[in-house]
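Undergrad: For reference, the chains in residue letters:
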Amino acid sequence: MNLSVELAPKHKPGLRLANPVMTAAGTFGYGTEYSHLFDIQRLGAIVCKGTTLEPREGNPQPRLVETASGLLNSIGLQNIGVRALLEEKAPVWAGWRVPVIVNIAGEKVEDYAQLAHELDGAAGISGLEVNISCPNVKAGGAEFGTSPEPAARVTAAVKAATSLPIIVKLTPNTGEIVKVALAVAQAGADAIALINTVRGMAIDIATRRPLLGNKTGGLSGPAIKPIALAMVYEVASAVDVPVIGCGGITSGRDAIEFIMAGASAVQVGTASFQNPRAPLDVLEGIEEFMKKEEIKDIAEIIGAARR
Amino acid sequence: MKQVAAEVISVEQILPGLKRPAARSIAGSWLIRLSCPEIAREARPGQFVMVRCGGELTLPRPFSIHQISGDGIALFFAVWEDGRGTNWLRQKKTGEAVEIFGPLGNGFSIQPSSKNLLLVAGGTGVAPLRFLGQEALGKGCSVTLLLGAATAAQLYPERLLPSLIKLVTATVDGTAGRKGMVTELMPDFAAQADQVFACGPMPMYRDMAAQKRKLRLIGKPVQISLEMRMGCGLGVCYGCTVKTRNGLKQVCKDGPVFELDDILWEELPKS
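Protein chains in written order, with the working numbering: chain A, 669 to 975; chain Z, 1252 to 1522.
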């Protein structure tokens, strides 16, 4: 049974994963946090917490609200910054078998280029995921991801600054996701991941105030899965680079749906909170399905629902 | 740290419900015992476990470890009438499995030189302190527990505490022990204590931080266990970040136990 996928076929040496299950940025820390709970080396890839040039404090509390089959968050990209990542995290990753992809976020196009430059050539880093989709920061973030032209500019700047394969992660909070996807693919994205969180809100009727400190946040979890699936289906039909599906995946079944919609790989996010082993459960679920259906190569079912 | 399917040994309601017209009502307080040798072996007082409370909830729920006995751990928790996670957990039956992971967090630390410990519990705050008291007695410390509740019926039963713990109670309505808040008992006991350990609601901590002189806490090492809404329990989601004098900390990973003086109380949301 072959589960391996190539996420950057146009890139040399590419980005080959042993299997299509990745973790989603912001839900798996730096990978190290989970190494006591299960064998994280079995995963296809680990995407680390969104990283900025300088450390960020994030947004005021409260930052989390549980909703029906979902989670609203307004963390605001709290992170240790790229230098601490290079000093403390990358050397650990260098000894790992599982590839680690660094998610990068900036306020200006130059920030992304600078981040790509600083991470280029560092041992332990196999690729970059360009975050133009965080809804919880004032400047930058999703504002680059909502229309094709700025999305392409960020992508091109990162491409020019690194030899690493790059994934661009898209926001669903736009009416133009297919156009944005086409623009970033044109600008040099090796792969496209979607979706980041869906903008949302909750109000405390006792205090008559928004529940999140930042008022609005990003919705994740099973609640957004159908939205993500439709967008993956549309984008995968339009672009000629690999697509990575993300949004509410908690089981092998969910992952297979995304793969059949056209995703070459999937990212497991919020599900890891309730069940730290979720990424591995998803992988085992995919394997079980393939065995049952006598599928020899995962490639046989990528995009099956579009044929 | 392990993720396991823990078998339910027993579930017992310990305290009755409490109707509160002006606030969320409590359905009662429960004690659940779970078999999980891997977690029981590792756990230290003040640490917690994450419990997956059914398939419908997106987030697991953190519970302080109340007691360790052999291969089992016990969790003591109040259930809000509208609490979805706790209402799920209290309905578990003996023999069923509950998915949990832990032990998590830093836990309390008893200094080797400490002889007299003062434990201060506001209501359900007794949850992590019973484990701490037991451990301290084992180290030869003398332990005093100040226990407060809204009313006599809401006081954690003395029969469930190790008999060597000296228990002093307070109730808001005066139906048992001293009338008033549990913190009002502190001036009589804090002076003799080498260390103070507290667990209770946020207003109790704010009170302690604001009235250190009156409560005789000046110069006293005070550890508190902070409760915050958590996502992951492992320090990856940054949902439970608090500002401290030593920078940003994750309650789940760097805490839940902090020095009272380390927390910047004015920066925390009210509640």
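No lab work stands behind these hints, which were simulated from the structure alone.
The structure displayed is predicted, hence computed values, not measured ones.
Certain hints may be false.
Each pair of labels, with its calculated beta carbon distance range [stated by the list, open to error]: (1) A:E968 / Z:G1268: 54 to 64 Å; (2) A:E961 / Z:A1404: 27 to 37 Å; (3) A:R974 / Z:P1454: 49 to 59 Å; (4) Z:P1452 / A:I969: 49 to 59 Å; (5) A:R751 / Z:V1423: 35 to 45 Å; (6) A:A736 / Z:E1332: 16 to 26 Å.
If you only want the chain Z side, here are some residues facing chain A, beta carbon under 7 Å, derived [unchecked claim]: (7) W1339; (8) K1471; (9) L1477; (10) Y1489; (11) W1516; (12) P1520.
All residues carry an ideal CB built from backbone N, CA and C; glycine is no exception.
Undergrad: Compare the structure with each hint and give your call.
TA: Comparing the hints with the structure gives:
1. A:E968 / Z:G1268: 54 to 64 Å: holds, 57 Å
2. A:E961 / Z:A1404: 27 to 37 Å: violated, 59 Å
3. A:R974 / Z:P1454: 49 to 59 Å: holds, 57 Å
4. Z:P1452 / A:I969: 49 to 59 Å: Holds, at about 52 Å.
5. A:R751 / Z:V1423: 35 to 45 Å: For A:R751 and Z:V1423 the Cβ distance comes to about 51 Å; the hint is violated.
6. A:A736 / Z:E1332: 16 to 26 Å: 19 Å Cβ-Cβ, so the 16 to 26 Å window holds.
7. W1339: violated, 13 Å
8. K1471: violated, 28 Å
9. L1477: Z:L1477 check fails; min Cβ-Cβ to chain A is 12 Å, beyond 7 Å.
10. Y1489: This interface hint holds because 4 Å falls under the 7 Å limit.
11. W1516: Where the cut-off is 7 Å and the nearest Cβ of chain A is about 13 Å from Z:W1516, the hint is violated.
12. P1520: holds, 5 Å
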